[in-house]
Structure formats: structure tokens, C-alpha cells
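S.K.: Here's the letter readout for the chains.
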Amino acid sequence: MLTDTNLTSRAQGQLDFSNQCYRHLLVNMEQGFCLIEIIYDEAGQAVDYRFLEANRAFERHTGIRNAVGRTAFEAVPNLEAQWVKTYARVAQTGEAFAFEQGSLAMGRLFKVDAVGIGEAGSHRVALIFSDITDRRRTELNLIKGEERLRIALEAVLYSMLGVHPSTSSASYEVWALRVFPADLVEVKAMFAESLKAGGEYHAEYRVLGQRDEIRWVAAHGRANCDVEGNVIRSYGVMTDVTERNRVAEDIRRSETRYRRLFECAHDGVVILDADTRKIIDANPFMTKLLGYEHAELVGKELYEIGLLKDEAASREMIAELNRTNQIRYEDLPLESRTGRHQEVEVIANMYTEGERTVIQCNIRDITERKRAEEHVNMLMAEVNHRAKNLLAVVQAVANQTAKEGSPATFSARLSERIVALAAGQDLLVRNHWQGVELSELIASQLDHFKDLIGTRVLLDGPAAQLTPDAAQGIGMALHELGTNAAKYGALSNGEGRVLIGWRITGDVAPQFSMSWLERGGPKVVAPTRAGFGHTVIGRMAQASVQGAAEIKFAETGLLWSLSAPAENVLTKSAMGKS
Amino acid sequence: MSLLPAADPQQPKARILIVEDEAMIAFAAEETLLAGGFEIAGVAGRLETALSMIEGGGFDAAILDTNLAGVSAGPAAEALGASGRPFIVVSGYLPSQQQEVFRGVPSIQKPYAPQRLISVLSEILPLHLKPPYISA
Numbered sequence: 050m051l052t053d054t055n056l057t058s059r060a061q062g063q064l065d066f067s068n069q070c071y072r073h074l075l076v077n078m079e080q081g082f083c084l085i086e087i088i089y090d091e092a093g094q095a096v097d098y099r100f101l102e103a104n105r106a107f108e109r110h111t112g113i114r115n116a117v118g119r120t121a122f123e124a125v126p127n128l129e130a131q132w133v134k135t136y137a138r139v140a141q142t143g144e145a146f147a148f149e150q151g152s153l154a155m156g157r158l159f160k161v162d163a164v165g166i167g168e169a170g171s172h173r174v175a176l177i178f179s180d181i182t183d184r185r186r187t188e189l190n191l192i193k194g195e196e197r198l199r200i201a202l203e204a205v206l207y208s209m210l211g212v213h214p215s216t217s218s219a220s221y222e223v224w225a226l227r228v229f230p231a232d233l234v235e236v237k238a239m240f241a242e243s244l245k246a247g248g249e250y251h252a253e254y255r256v257l258g259q260r261d262e263i264r265w266v267a268a269h270g271r272a273n274c275d276v277e278g279n280v281i282r283s284y285g286v287m288t289d290v291t292e293r294n295r296v297a298e299d300i301r302r303s304e305t306r307y308r309r310l311f312e313c314a315h316d317g318v319v320i321l322d323a324d325t326r327k328i329i330d331a332n333p334f335m336t337k338l339l340g341y342e343h344a345e346l347v348g349k350e351l352y353e354i355g356l357l358k359d360e361a362a363s364r365e366m367i368a369e370l371n372r373t374n375q376i377r378y379e380d381l382p383l384e385s386r387t388g389r390h391q392e393v394e395v396i397a398n399m400y401t402e403g404e405r406t407v408i409q410c411n412i413r414d415i416t417e418r419k420r421a422e423e424h425v426n427m428l429m430a431e432v433n434h435r436a437k438n439l440l441a442v443v444q445a446v447a448n449q450t451a452k453e454g455s456p457a458t459f460s461a462r463l464s465e466r467i468v469a470l471a472a473g474q475d476l477l478v479r480n481h482w483q484g485v486e487l488s489e490l491i492a493s494q495l496d497h498f499k500d501l502i503g504t505r506v507l508l509d510g511p512a513a514q515l516t517p518d519a520a521q522g523i524g525m526a527l528h529e530l531g532t533n534a535a536k537y538g539a540l541s542n543g544e545g546r547v548l549i550g551w552r553i554t555g556d557v558a559p560q561f562s563m564s565w566l567e568r569g570g571p572k573v574v575a576p577t578r579a580g581f582g583h584t585v586i587g588r589m590a591q592a593s594v595q596g597a598a599e600i601k602f603a604e605t606g607l608l609w610s611l612s613a614p615a616e617n618v619l620t621k622s623a624m625g626k627s
Numbered sequence: 003m004s005l006l007p008a009a010d011p012q013q014p015k016a017r018i019l020i021v022e023d024e025a026m027i028a029f030a031a032e033e034t035l036l037a038g039g040f041e042i043a044g045v046a047g048r049l050e051t052a053l054s055m056i057e058g059g060g061f062d063a064a065i066l067d068t069n070l071a072g073v074s075a076g077p078a079a080e081a082l083g084a085s086g087r088p089f090i091v092v093s094g095y096l097p098s099q100q101q102e103v104f105r106g107v108p109s110i111q112k113p114y115a116p117q118r119l120i121s122v123l124s125e126i127l128p129l130h131l132k133p134p135y136i137s138a
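For the protein sequence lines, the chains are A and B, in the order given.
Counted the way the working numbering counts, the first sequence spans residues 50 to 627.
Counted the way the working numbering counts, the second sequence spans residues 3 to 138.
Quick caveat, the hints were computed from the structure, so don't treat them as lab data.
As the structure is a prediction and not an experimental result, all values here were calculated from the model.
All the given hints hold, so there is nothing to weed out.
Once the Cα atoms are required to be at most 30 Å apart in a straight line, the calculated DSS-like pairs of lysine-lysine come out as:
hint : chain 1 : residue 1 : chain 2 : residue 2
1    : A       : K437      : B       : K132
2    : A       : K601      : A       : K499
3    : A       : K452      : B       : K132
4    : A       : K419      : A       : K621
5    : A       : K160      : A       : K134
6    : A       : K572      : A       : K452
7    : B       : K15       : B       : K132
8    : A       : K452      : B       : K15
9    : A       : K536      : A       : K572
Chain B on its own, in the form it takes in the complex (with noise of 0.2 Å):
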């Protein structure tokens, strides 16, 4: 991996759906996406806002969630999968205690370092929308 300048001022910026129920922590991964070379799509921080903001479209990826103030994040995780787009899931708990609906998706642990959160969303972004310091 190497840290490239920004070749193309004109390429399009991968739009990221933000699922997260604590307002700081939210506010701390916009921050971190925007200095990465995202667009911020949209935060939820309940469940019904992000069905409607998934069902809305409008991004390329989301980061979700799994326990949205004190509710399973499932039923967002089903319609991402149904929507097509890749997502990943941020979460606290253990892999082990996780529920079988977020098994299977690229995952990071809560708290992490910035730097992680840019890299394992660019995994799964389609090349085009790679930000551009990644290198493919």
C-alpha cells in the first residue's frame, strides 16, 4: 500500500450510508471518511431511519451498527444485502456473540484506529471507487 497524491480531481468519490447509533462515535467516522476521500452519504442512528435511508439508495457502501440504541441492527444488514451494495459492520461485541446475520461480512472491532476503517471499506469498494491514495 502506498500513499499516492490525488491523480484525478474529477474521480468520483464513493458515497458511504453511515449506520451508527452513537452520535459521537458517528461523528467521528465522518470525519474520518471525509479526510479519506468519502462522500458522506447519510447518518442513522435509529433502525427505521436507516431501512428508509437504505431503501432510499444514494450510496455505494455502509458502514453498520450492529446494536442501534438497544436494537438489533439485523433487519438493515438483510436490506443492505438485499440492496446489492457491500457493507461492513462495526461493532463492539465479540465475533463469537455477534448474531448469525452479521457472520460473513468484513467486520472491525470498536474502538479502532481510522486508518483501519478507510482501508477495509476500500476493500470492498469496486475499483473505480477506491479512493485515490489506495492503490489497487
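Next comes chain A alone, as it looks inside the complex (with noise of 0.2 Å):
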């Protein structure tokens, strides 16, 4: 019995130690810990449970402080009913039962391990449980942040690579599929390589779009890879840069055409700061016009470089700006700094660029244009003056051919004389008002006989380029000749012949000298009364040359003859060559 007693002493004390350290077990843990009892009404039904014992970890859990000795529902009087009838089924059945349940009145989630303490339909209960509210929430929210991601995911590659979300997953398969084939191996490439870098890529390129249209996408992102460097798996962004990359070209291709209407432009362009007044950039043309560098030309004010007078000036043109953005100068006399004059018309602009105002001036040397003007303008007087002149030679003309000869052959004697003084301008013209060459004055003004030229009309003589006035002095002489001699003389019967020559003689000063003969006509009658033919062979031709005219009426034929200084008759690059 001793033994037994010792034995169950002992047994007893080992009891104890065991007792003592689960106690201390449940007193310690980080779980909640408490024992319940169950309370009964008269009826036998579970209405509510006293905390008997709780540890230290069951307010933090529960929130109920000083809950020993207490009813559930005096702790939390709201509490709900399902917890008491889950509590006496345990004490009921005495089976160990786990669950997570929340609590509404408590505002906290917890996982429970019950079990019955004692015999099957003892009132009491053991409770192991934690407040897992917010491992939950954490929980719940990693899901929905997976689902939201999921569904973006989806959304993203639709939008981006035309992948349509029924239809698969997001997959290294499915990617290829979509990305540009051009750029494919390249990309696989990149990928690659930056994969050994450290398994960060950055990559642009080309993918097929919802419509299967081609477009830019930026993908960042990183790679995981196991110990043999395969790529297990990768995240990272795409962003759609087609219109980013378009914009960009768009801008690019611009400030290229723009460059270089700015840079080949022949007008000086000048961009100032507004609120400075300075040039902030000029280009080549501006350089030129001026003889400054560009380096010279930035930071200086218009006045400096000679466009505008004054400092006071420069203010002006921009309060001008200020109120109607454009101004226009025309004819400003510019000073390039080797100091050559030219004039200039100057446009300037007022507009904003991003934050600041800017000016931009259009700078063109009109010196050409003005010079084209004055010429013009010179030409015009000029027509003007010889235009009149020439009326007020075919009204000499009219008059004196009215003198003579019968009213009947009056209009006819006017117009052969009108037409060959037409003839003389012809000439003129067609030769730039430069000279006409004598062998082509005589066939034009000897027409009507030109079937006769090289047989009967002969003629002899060097090239010899006459100036106007001689052309036409010359010119009316010889139509008053030709008429003379188809009416009396070697041109009126079919044989007598009309030889015409001319020579320039003399190097020092050198004489020009012409001659008509005729041989072979009827024989010649001196006329009793000089006409105005007479006067046009005669004091005419030699004043339009400055020189001396003959007429000597022979029986043989007339001989007239005309010679002045070359000088009054030829041209001056005839004078050059002869």
C-alpha cells in the first residue's frame, strides 16, 4: 500500500508538474484562451455562457476586458445566439470542434477550436481561438486586387494586342502571337540579352492592334529566372506609344520642314524675344545680308545691326505689335557692315512660343526689285518719248507729203512712207533698240525690189551696224530713193541697174561714205522744183548723221551721196570692230 501510496504520490505530483505546465502554456500563448460554462434556463436550453477562466491574450483578441466571472451577453449584449448554441452542442457531444466564424456585434472574425471539457454533457467548454479579422481582410483583398489585375490584364490585351479574353490567358504563347513578325526575333533577342543584365527589359516595339493595325508599344518590366538562367516567369507594363511615337514624328518631320524653310529661305529671317528686344536666332540668308556671324548677330537689337534707327525705335515697333501683331516696312535703307547699301522690306510678326512672346522679322532685299521698278519705269518714258516722236515725224511726213503731188496720191504716198519708216522700227526693235546693220536696212527698205537684189540692185560695202538715228535717216533716204528710181529712173525700164555702196575709211577718225548710182535707166531730167522727197535725200539724211549729202542728177543716172564722221553713223561696238 505504501508502495501504492508512494506510487500514487508520485503519480500524483508528476500529475501536478504536467497541470502546471499547460496552465502555463494557456496563460502565455499568443492564441486566445478561455473555459466556458454553459447556462441553462428551467427548460434545459442553452441561453448564455460564463467565462470561468481567459488568458492573458483573450482581451486582445476579443476586446472584452475583465471577462471572468461574466456572462457572454453581459460582455457583449448584442452578441449573437448562434454562438451559445454552437458552445452547448460542443459540451453537449463532448467532440472537439473547429470553425471560423464572425461576429457583427464584435466586429471581428475568429478562428475557434472548441472542445468539451469532461464527460459527455458536461457545461463546460475550452475555447482556442484568434482574431483573424484581419489576416481575412488581407486576404480578401489580395483576391480582388488579383481579380481586378486579371480583368485589366484582359483588358490590356485586347486593347493592345487584339487578344480577346475568352479566348486565353495571358501567355508568353499568345504574346508572340501578337508582336510585329518583323520585330519578333529582335525582341526575343532584347529580351535575352537583358535578361543576363540583370533580368530588367526595356523594350519598344511593334505589335498587332484589335484590328490587327500596327502599333508602338513600351514595355518595362522584370524577369525571374531559376539557377539556369531560364525565365520561369515575367511581369511588367505595356503602354500603347503609337500615339506618343506619332506625335513625335509628327513634331520631328515638322521642325525638319521648318528648319529648313528657315535655314534656305532667301529672306533674312530674324527672331527676337519680345520682352527683350534681342535676336535669339537668324538664319544664313540674315548673315549674309548683313556680314555678321550668327554668333554676332544673337543678343544684339535691330538697331544695332542697322535695321532700325534707334533704340526708340525698336521700343515702337513693338508697342506697334502690341496692337495689331503685324507690321509691314517698305523701302528701310540697310547698311551691311562692309557697308554696302541695300533696301529692304521688312514683315514683322508678334506670336507666343510655348511661354514666351517672340517676334519674328522677314527681312527682303528689295534692291533688285527696286532697281527692276526704276527700270521699268525708264523704259515706260522711254517709250513713251520715241512713241511721240515717231507721230510727230509721220505728222512732218503727212504734212509734207501734202505739199505735193495731187490729193489722189496723197494717201497712197503717205502710207508707203509711213510703212517704211514701220520697216526702219522693225528693225530696231528686232535688234534691242541696239543698231541695224545697213545691208538689212536696204533690203527692207528696198522691198518692192528684192527679187531685183544680187542682179540689178548691187550691193557693195562692210558690215556696218548703223545707230538708230542714222537708221532711220538712211533708211527714209533710200525709200525716197527707190521710189524716185521705180518711177524715173533705173528701176522704171527693164534693164538699168542701182548700185549701192558704202565703205569706212580712216583710222584716226574714220569717215563713213554711202553712194546711190544709177546707170542705165531712161536719161535723167533734172527736176525743175526740189519736192520733199528731195529734202529727205537731201538736208534730212545728212542731218540725221551730221554729215554731208550730194545729189547730182546725171544723164547716165543720179548719182546721191551721204558721208559723216563713222562715229555719227555706226554703233559703238561697230566703231569697236571696224
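With the hints as a guide, bring both chains together as one complex.
M.R.: Set out below in C-alpha cells:
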């Protein structure tokens, strides 16, 4: 018995030690612990439970202070009845029961292990539990996040790669099918390369979009590899940069285009800052126009490069631009650095360029235009002068023609003389009023007899270009001589001849001489009265060359000769040649 | 203005210098002036001739073309001005196209009616030299 006693006593000691251990564990563990006793009403229905014991963590998990001794409804008045039922069932069956349950009244979610203490039907239950509200919330958020991510991914895959969510999930194969074939090899190589260098990748490549159109994407991400360097998975962001690239390209094209326009313009262009009035850019033509280097122009004001009179004029320009946005200055004088004077036209425009307001001045060199305008004005005056002179000549010819012969022949004679004048004009115009070759003048004035030239009308003389004045005087004389020869002289019968010769003699003061000699015509009778024709071949021919004319009515034929200093007859270029 | 018979055949005629490069026009002017009761002092078709004739004198008035064979007759206008003899300008240019030196001088545009030459010329002459049939 002693032994038994000893044994019992030892066993008792061991049991005490074990109980102490568990107690210590229960009191100090992280999870909540409590021992409850179910409270029944008279009808034997479980209606509440009382906390008999609770550990340190209890309060943290439940939020209930000083629970021991109080009932559940005392601690949480609106507690869900479900809790009482659950624990009463555990107490009754004596089976352990693990569950997760939320309490709206407590605002918490619990994971609970409940076990009946003592025999089945005992009223006591031990609970080991945790408040898992936060953990579950995190888990729920994680799930929601994943869902969202999945939806977003599907949307991206669809919008960017045209992969329909229902057909496939995101995979390497799906992606590879949508990469623009020409870019795929390069992109794969790039991936492989970047993986070696730490796993991060950045790439821009083309993909096929929703409607199989080509789109540009920028991909940034990270790939995870196993120890052998195989990609386990990769994640990243893909951005559609088609529009960004297109805009950038448009800007680049536009920039190129306008830069070329600026660089190649045959107008000077300077850009000023409207606030400082200083030049911020100038095109190459401007530097050429002024003789300054680009760097020298930048930072200067317009008056410093001689474009405006002074600083006040510069200020005034800006004030005017503030009112009108555009000014045009015509005929500004501009001195280049080398002192070359030029007439310029300036058009100034003001506009905003991002943050700042700038003034663009286009400067056009109009020196040539002004010169051309002056030339045109001069030509107009010349045309007027010549036309009126010619009309005055025609008037004089008409008056003279009217004095001779009958009214019946007046019209015919006047017409012939006007035609002769016109023929001279034609030759002059054809030669840009520079002069007329004498042989051409003869051919033109003797147009009626052109078939006879070379047979009965013989020309002999060197090249001789006549001045416009000489051409008119000699031309009219030739016309009168021809008319006279056809009426009374060598060309009035079938065999007479006319010899027209001219020469230029002498080196120091060259002399021009010309003669018209008729042979084989009817016997010549000197006219009793000198008519207008006589005046034309006489003093008028003479006056046109400031020389001397001679007319001889020999019986064998008329001889007309004209001589003058060659410089009065020939053009300067002809003088130079002779 | 009235046409009167020549009252005094002894009255001196005005001597006119014609400066005109266009022979036909000079010839027509001569005829017009002779018929109008003037005397011709000379005809110059070039600037140098004109200048030497102006210097030589022997004329009472001049008619001056502004362009002599492509050369401006400006120096002749100046010489005439310096000589104190009246002159008129005959030209095909518009007054606005005329050089400064010719402005302010009585002028006629080419072509002109012969009577116009006579009347404009008569206006610049002193009374005793006006042609007989021009009333004062």
C-alpha cells in the first residue's frame, strides 16, 4: 500500500507538474484561451455562457475586458445567439469542433477550436481562438486585387494585342503571336540580352492591335529566372506609345520642314524675344545680308545691326506689334557691315512660342526689285518719248506729203512713207534698239525690189551697224531713192541698175561714206522744183548723221552720196570692230 | 487773238534756235516757224552743236528737245538759262517723266499742232519781237 501510496503520490506529483505546464502554456500563449460554462434555463435550453477562466491574450483577441465571472451577454449584449448554440452542442457531444465565424456584434472574425471538458454532457467548454479579421481582410483584398489585375490584364491584352479575354489567357505564346513578325526575333534577342544583365527589360516594339493594325508599345518589366537562367515568369507594364511616337514623329518632321525653310529661305529671318528685344536666332541668309556671323547677331537689338534707327524705334515697333501683331516696313535702308547699301522690306510678326512671346522679322532685299522698277519706269518714259517722236515724224511726213502732188496720190504716198518708217522700227526692235545692219536696212527699204537684189540692185560694203538715228535718216532716204528710181530712174525700165556701196575709211578719225548710183535707166532730167523726197535724201539724211549729202542728176543716172564721221553713223560696238 | 496783216515789213523778225535731233521734226519746225514769221537762227541735232550755238548767240529764243540722240539736253537748258534768252521745251516725255532741269519752263508735248508752237513761242518773246500777226 505504501508502495501504492508512494506510487500514487509520485503520480500525483507528476500530474500536478503537467497541469502546471499546460496552465502556463494556456496563460501565456499567443492565441486566446478561455474556459466557459454553458448556462441553461429551466426548460433545459442553453441561453448564455459564463467565462470561468481567460488567458492574457483573450482581451486582445476579443476586446472584452474583465471577462472572468461575467456571462457572454453581459460582456457583449447583442451577441449573436449562434455562438451559444455552437458551444452548447460541443458541451453536449464532447467532440472537439473547429470553425471560423464572424461576429457582427464584435466586429471580428474568429478562428476557434472548441473542446468539451469532462464527460459528455458536461457544461464546460475550452476555447482556443484567434481574431483573424485582419488576416482575412488582407486575404480578401489579395483576392480582389488579383481579380482586378486579371481584368486589367485582359483589357490590356484585348486593347493592345487584340487578344479576346474569352479565347485565351495571357501567355508567352499569345504575346508572341501578336508581336509584329518583323520585330519578334529582335525583341526576343533583346529579352535574352537584358535577362543576362539582371532581369530588367525595356523595349519598344510593334504589335498587332485590335484590328490587326500596327501599334507601337513600350514594355518595361522584370523576369525571374531559375538557377540555370530559364525564365520562370516575367511581369511588367506595356504602354501603347503609337500616338506618342506619331506625335513625336510629326513634330520631328515639322521641325525638319520648317528648319529647312528657315535655313534655305532667300529672305533674311531674325527671331527676337519680345521682352528683351534681342535677337535669339537668325537664318543663314540674314547673316549673308548683313555680313555678321550668327553668333554675333544673337543678343543684339535691331538698331544695333542697322535695321532700325535707334532704340526708340525698336520700342515703337514692339508697341505697334502689341496693337496689330504685324507691321510692314517698305523701303528701309540697310547698311551691311561692309557698308554695302541695300533697300529692304521688313515684315514683323509677333506670336507666342510656349512661354515666351517672340517677334519674327522677315527681311527681303528689294534692291534688285527697286532697280527693276526704276528700269521699267525708265523704259516707259523711253517708250513714250519714242512713240511721240515717231508720231511727230509721221505728222511732219504727212504735212510734207500733202504739199506735193494731188490729193488723189496723197494717201498712197503717205502710206508708203509710213510703211517705210515702220520697217525701220521693226529692224530696231528686232535688234533691241541697239542698231541696224546697213545691208538689212537696204533690203528692208527696197522690199518692192527684193527680187532684183543681186542682179539689178547691187550691194557692196563691209558690215556696218547703224545707230537708230542714222538708220531712220538713211532708211527714209533709201525709200525715197527707191521710189524715185522706180518712177523715173534705173528701176523704171527693164534693164537699169542701181549700185549701192559704202565704206569706212581712215584709222584716226574714221569716215563713213555711202553712195547710190544709177545706170541704164532713161535719160535723166533734173527736176525743176525740189520736192519733199529731195529734202529727205538731202538735208534730212545729212542731219541724221551730221554729215554731208550730195545729189547729182547726171544724164547717165542719178548719183546720191552721203558722208559723215563714222562715229555719227555707226554704233559703238561697230566702231570698236572697224 | 486775231490774225492781222503784217503792218510793218521792217519790223525785225525773232531769230529762233532749233535744238532737235530728229531731222524730220526739225525740218517741220523750221517750215512752221518760217511760215509764222520767224527767222531760223540755226538747227542743232546734237548736244555739242547746241552748246556751241548757244554760246555763239545770234538768236532771240530757242526751242529745245530734251533728248538729243539719247543724251539729255539738260546742259543746253542750263546754258540757255545762263544766257538769259527765253526758250521752250518740246518733248515726248510726260511732265512727270521730265528731268528736274526742264521743269518750270514753258513746254509743248510732241506731236503738236504747228499753231501751238507759234503761240507758245510768241508768249515768251519780248513785245517788239512778237510776230506781226499775233496781237499783244
